[in-house]
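J.: Each chain, written out:
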Amino acid sequence: MRLTVSRLHAQRSGKSVLRDISLSFDKPELIGLIGPNGAGKSTLMRALSGLQSYSGSIQLDGTDLAQYAPQALARQLAFLPQERTVHWALDCEEVVMLGRMPYQSGFGRASVGDHRIVERAMQTMDVLEFSRRSFEQLSGGEQARVLIARVLAQEPDMIIADEPINGLDPAHQISLMKTFRELVAAGRTVLTSLHDLSLASHWCDRIIILEHGDLIADGAVDQVMTPQQIRKVYGVETMAVSTSGRTLIVPTDLAE
Amino acid sequence: MTRLPYPILLSGLALLVAVLFVISIAIGQVWINPASVLLPGAHGYGEADRLILYEIRVPRAVLALLIGATLGLSGAVLQGLLRNPLAEPGLLGISASASLGAVIAIYSGLTAIFAYALPISALAGALIAVLLLRGLAGRSADILTIILSGVALTSLAGALTSLALNMSSNPFAALEIVFWMLGSLADRSWVHVGMALPFILTGMLLLFATARALDALSLGHDAAQSLGVNLQRTNTLAILGTAISVGAATAVSGAIGFVGLIVPHLLRPCVGNKPSRLLAASALGGAAFLLLADISIRVLLPEKDLKLGVVTALIGAPFFLWLLHSVKKRAQV
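As they're listed, the protein sequences go chains A and B.
Heads up: the first sequence begins at 1 in my numbering, then just goes up one per residue.
Heads up: the second sequence begins at 1 in my numbering, then just goes up one per residue.
These aren't lab readings, by the way, just hints derived from the structure by calculation.
Even glycine gets a Cβ: it sits at the ideal position worked out from N, Cα and C.
One should not assume that every hint holds.
[Said to hold, decoys possible] Over 12 Å on every C-beta distance to chain A, these chain B residues come out as not near it, computed from the model:
1. ILE113
2. ASN166
3. MET167
4. LEU201
5. LEU219
[Claimed, not checked] To give an idea of the chain B side of the interface with chain A (calculated C-beta under 7 Å), a few residues:
6. ALA164
7. SER218
8. ASP222
9. ALA223
10. GLN225
11. SER226
12. GLY228
13. GLY272
Produce the complete structure using the sequences and hints provided.
T.: What follows is the structure, encoded as structure tokens:
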């Protein structure tokens, strides 16, 4: 899979939110998308998922995103919205089964294969025991895992997740980042936006920084997440902590 | 909780509809045993019984079935589309606007020229209402805005209906106003069935086509779209389907409220809360509910010509308040 973005511009309600963004995703890696509030992270991820109108070009394996039939696109790219609501009290298995929609026709009868894939996805996310439980009854962390299982059931090459760790406790945050790592190890590309700089620096392979709709930096963590860069973009001082061979960036104070 | 398997649930509901249908044609000012008329070689009925059955009761029961199914189904679709259990064609002003369309068609003399002007004009009224609602609520689909818009639409359409009837030189204006606002199946004939049937079936077909998209919408707009659902198409199907079927239903029965609210809500737990499965169940449930309501007005106050909408509102309005309360409580948890 190769997703190429060139000279991307996007507007939301008449305001320019992304300017001249060029990026490329072509190998299994965990990419952290960071930047202050309003930097255009969500818009970029929505554009990459085919949910946002834009000018410029986004190509998936050489074909323009807009040329893809929605179902065909959904088999390659999965989008995990920030909103973690399921509007009706569906059983968790039904929620995960929705991930099979791009593979099903009209009436959406689930095949044996669909059931197997759903079961495997739920196993991966350790939520198989909730199959028959109502989504409503789960805790926030459990719900987040079920929704990721939905994305896995979609069997995409690339997962685009909008602030998936928001509102989760540290244990769930870390377990989610670990899951992303496992997905990458299994050959998938994962792009996730996040606000937690230490988690981003510790778990990601690559960091993309957006600010006011401009692409500020794109590269390996230690090249991109320098104290100067973070101070410039976020207006905070940071401290670099080395632990088990990785460098953690920890915000300490507001910059002068 | 153990649930009935889906096919069994649907068969059960279909059986209930069948039983109520038979009761509905048997009950009235005189009791007629349908078997004695319908079965070949049966004895003991007169020509009068036959006429009452074929010309009055059967079309009335057929209409109750069709209109109930329409209201139940459109309620289920609107709730799935707006992702809220409080949506319903009556509450949202769609039925009232359809009534207005029907009244305009009758009193402008259009129906005298062209019989289908009645359902088409009611359909146009319903369509305008749905489009207005979409426009007012916008993408956010904030339910408070939608319901308040529905309240305003209902009042406006009601006022305009009364105005149109009062302006016409119609000695029965007051009675007519009551009919269009509360709905009734009294004195309906095969003509009405023939007029409504093609539209109701077309509209229901469009509504059923939204099923899978409604499932995906459980996850919200963005997720549904990223699963390959064409939301534009879903919206169009739901809007046209509701306008066509509710418009035609209202054209022959007046505005009957609350069926689309109560029925999907009662059946939702039986289908595991899955929007697509709720559709067929709500259509059957709506048919059963309206047949039952229509039977009850003939049993409870046979001499009084109680309006059908009175019964559905008597059950539905308190139900709505309770639902509102429980939705609010749930949101606070």
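J.: Each hint: holds or not?
T.: Hint check:
no. : hint   : in the structure
1   : ILE113 : holds, 41 Å
2   : ASN166 : holds, 43 Å
3   : MET167 : holds, 44 Å
4   : LEU201 : holds, 19 Å
5   : LEU219 : violated, 6 Å
6   : ALA164 : violated, 39 Å
7   : SER218 : holds, 5 Å
8   : ASP222 : holds, 4 Å
9   : ALA223 : holds, 5 Å
10  : GLN225 : holds, 6 Å
11  : SER226 : holds, 4 Å
12  : GLY228 : holds, 4 Å
13  : GLY272 : holds, 6 Å
Taken one by one, the earlier hints fail for this structure at numbers 5 and 6, listed in ascending order.
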